[in-house]
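Chains as they are written, first to last, in our numbering: chain A, 1 to 371; chain B, 1001 to 1364.
No lab work stands behind these hints: they were computed from the structure. All C-beta atoms, glycine included, are put in the ideal place defined by N, C-alpha and C. Certain hints may be false.
[Stated by the list, open to error] A few chain B residues that face chain A, going by a derived Cβ cut-off under 7 Å, partial list only:
1. Glu1278
2. Ile1282
3. Ser1298
4. Gly1300
5. Val1302
6. Leu1352
[Said to hold, decoys possible] Here are the simulated distance ranges between beta carbons:
7. A/Glu47 / B/Glu1085: 19 to 29 Å
8. B/His1176 / A/Pro77: 18 to 28 Å
9. A/Asp122 / B/Arg1200: 36 to 46 Å
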Amino acid sequence: MNNELETTAVAMSGGVDSSVVAGLLHRRGLRVVGLTMQLWNQRRLPELTPEGGATGRCCSLDDVYDARYVAQQLGIPYYVVNFEDRFEEQVVKPFIDEYLAGRTPIPCTLCNNFVKFDQFLDMAAGVGAAHIATGHYARLAYDEAGGRYQMRRSVDAGKDQTYFLFGLKQEQLARTQFPLGEFTKPQVRDLARDLGLPVAGKPDSQEICFVPNGDYAGFIDAYFREQGIAPDQKRGEVVDTQGRVLGEHAGVHRFTVGQRRGLGIAAREPLYVIATEPLSQRVVVGRNEDLLRARMTAKDVNWISIPPIAGPVRAHVRIRNKHIPAAATIYPAADSTRVDVRFDEPQRAVTPGQGAVFYDGDLVLGGGWIE
Amino acid sequence: MYGNASSIHYYGQLAKQRLEMGRRETASLLHCDPREVVFLSGGTEADNLAILGTVRSRTASKKHLITTTIEHPAVLNTCRELEREGVDVTYVQAGPNGVVYPADIRNALRPETVLISAMHANNELGTIQPIEEIASIAREAGVLFHVDGVQAAGKIPVDVRSLGVDLYSISGHKLHAPKGIGALYVKNGTRLNAIQFGGRHERERRPGTENVPGAAALGRAAAVAVENLEAESARIASLRDRLEQGILARVPDCGVNGRRSPRTPNTTNIFFDGLEGEAMVISLDLKGFAVSSGSACSSGAVEPSHVLLAIGLSRERARASLRFSLGHSNTEEQVDALIGAVAESAAQLRKLSPTYTAVAVANE
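Next comes chain A alone, as it looks inside the complex:
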């Protein structure tokens, strides 16, 4: 079919960014199909929804209403596709497992790797769209010399989302467009007004779409209640770096490395979570200095803008979304899916389960998961 090449499926969330993507591509004369991924049933776990409803959550009927309205205004075909099963298996369950294993996961990256740039690409191809476009803030270009798709940080440094996109493979990037990477958020809002989109003034969405108000521990507890599973984790001890017991806690999944509040311990100097130990159910606390690490390893490394490294490479490494990338040298490990990262200056709160993304200036070299 000839029009396969011309059709682009836009992942529409009902927000400003993805609505502008649909509007831009439509204005450029492309054939556009709007698709909204239904990822999570918001009627589940009703105890988590505060009286009066939660705001800024994905997959709400309001967002679908907005996306449908935008599509209708643009005059493009629009559908809601049900990806709830895949999302639960590939994002929600691993998210819970990671917390219970004492790590701090990033569900958005899992969702990108296994839902948005996997099942969604398949769905798009199935309905005749060879390419997809999303509202992510990142830039993509094919580098003839290296024979690879390269990813760069978005022009709007504050909105850059490359931290969540490090897992994308070349074959996924080949079929993906990020039209907003060249724009700043104020420009995108201007475009939305230009295009006459009804969502131009809509506020930005929250971080973790399926966890209301950021209460992930409450989410995990409610999920287990719904599934009728008694959670493994019990109460445990809070200990200092010498192993002295300072107090008790209600489950390691309630803590993340670097956390200061909610420890329930009175101490002369501020205490921080240094580590969580799921096997012993212990939470180790210490001083801010105890959080500094000069080295770490990352697993399941994916290389984007350069081929897998054979020797040491200098880079700036970002270890959480809002972290300012720190100068480091990356060494290939014996196991080719891992790297060893040595920072020039020790970094605070290197957190297992988070992503480590390697940059050379704007260029996203690749990334992996902190062990």
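Keeping the supplied structure of chain A fixed, place chain B upon it in accordance with the hints.
Okay, now just chain B, sitting in the frame of chain A:
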């Protein structure tokens, strides 16, 4: 039809005439007395009134209902609501052919059973249920029998008297009347409480100013259906058979769900192993063909059909099933074009499906 049909003045009487004309025509479709027809907003309200109205008319402290697992949500969710109110409900399983066994209904009877509710034709499979047999079981047991006839009326002959039912729901838009009008047949002498409260309209069974244009349209649609029923069902059944044969001949690893059962002429439900029904629906819509898969949840996303799961299909096969509905405006040319589009979409989607190769090997 400016006047209020309940008013005494001339304009009201004019409206009343139209309303009663609609009632007579609707009654002729069901072969009942016009006084036994209650107009309301649609199939869902008819099912609600039949079930809630019967249960609330009984004062016994223990009440029990029998229904089936393949009912429409209008029935199932009404029953679930009653369960929350303390009423016992038995959901009788349908067989793999999409038909309920009357003996299973008989076995579910209890002394406190007040109502059996079963559909005449299933909305997803088109399978026709043994209504007469269930009716005689109900009669012997002294239990009221409600039939959701939304998918049957106008497609197969319906004679509520010879069927022996007490309550029968129909929906206007399934007969090409506008959306927002429906009717409930209430056999003369049936104890039924109102479930909404207001004026004394519709013999005190359903308050609210009568939807005269809707009732007139439903009546007209019913009259047209009565007139064309025989010829149209034969023509549509042959289109349906042409569609099934065409698809089965051109697409590997597919089959008709509920094929061996008596079915309404307009519906067929076909599984395509290894592909997503949702993607097929979108792909076909973009080619200009409107088909469906499963049921739409509130956002418009597709959930696997509870009917297909209830007759024993795996979740995968339920998700891989499409429902095709044919109507009076469809032609052979359209059916042939649809067969081509289905073959093309299925081939295209299966090329991308990781599960299809596995399925194809397993089916060999």
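Status of the hints after comparison with the structure:
Residue-level restraint check for B/Glu1278 holds (minimum Cβ-Cβ distance to chain A is 6 Å; threshold 7 Å). A cut of 7 Å between beta carbons decides the hint on B/Ile1282: the least distance to chain A is about 5 Å, and the hint holds. Given hint, B/Ser1298 at the interface with chain A, holds; its Cβ is 6 Å from that chain's nearest Cβ, closer than 7 Å. Restraint check, B/Gly1300 versus chain A: the minimum CB separation of about 4 Å is within 7 Å; hint holds.
The criterion of a C-beta within 7 Å of any C-beta in chain A is met by B/Val1302, whose closest approach is roughly 5 Å, and the hint holds. For B/Leu1352, the interface hint holds, since its Cβ comes within 7 Å of a Cβ in chain A; the closest pair sits about 5 Å apart. As the Cβ distance of A/Glu47 to B/Glu1085 is approximately 23 Å, the hint placing it in 19 to 29 Å holds. The supplied range of 18 to 28 Å is met by B/His1176 and A/Pro77, whose beta-carbon atoms lie about 26 Å from each other.
The hinted window of 36 to 46 Å between A/Asp122 and B/Arg1200 is violated, with their beta carbons roughly 59 Å apart.
The structure is inconsistent with hint 9 alone, although it conforms to all the rest.
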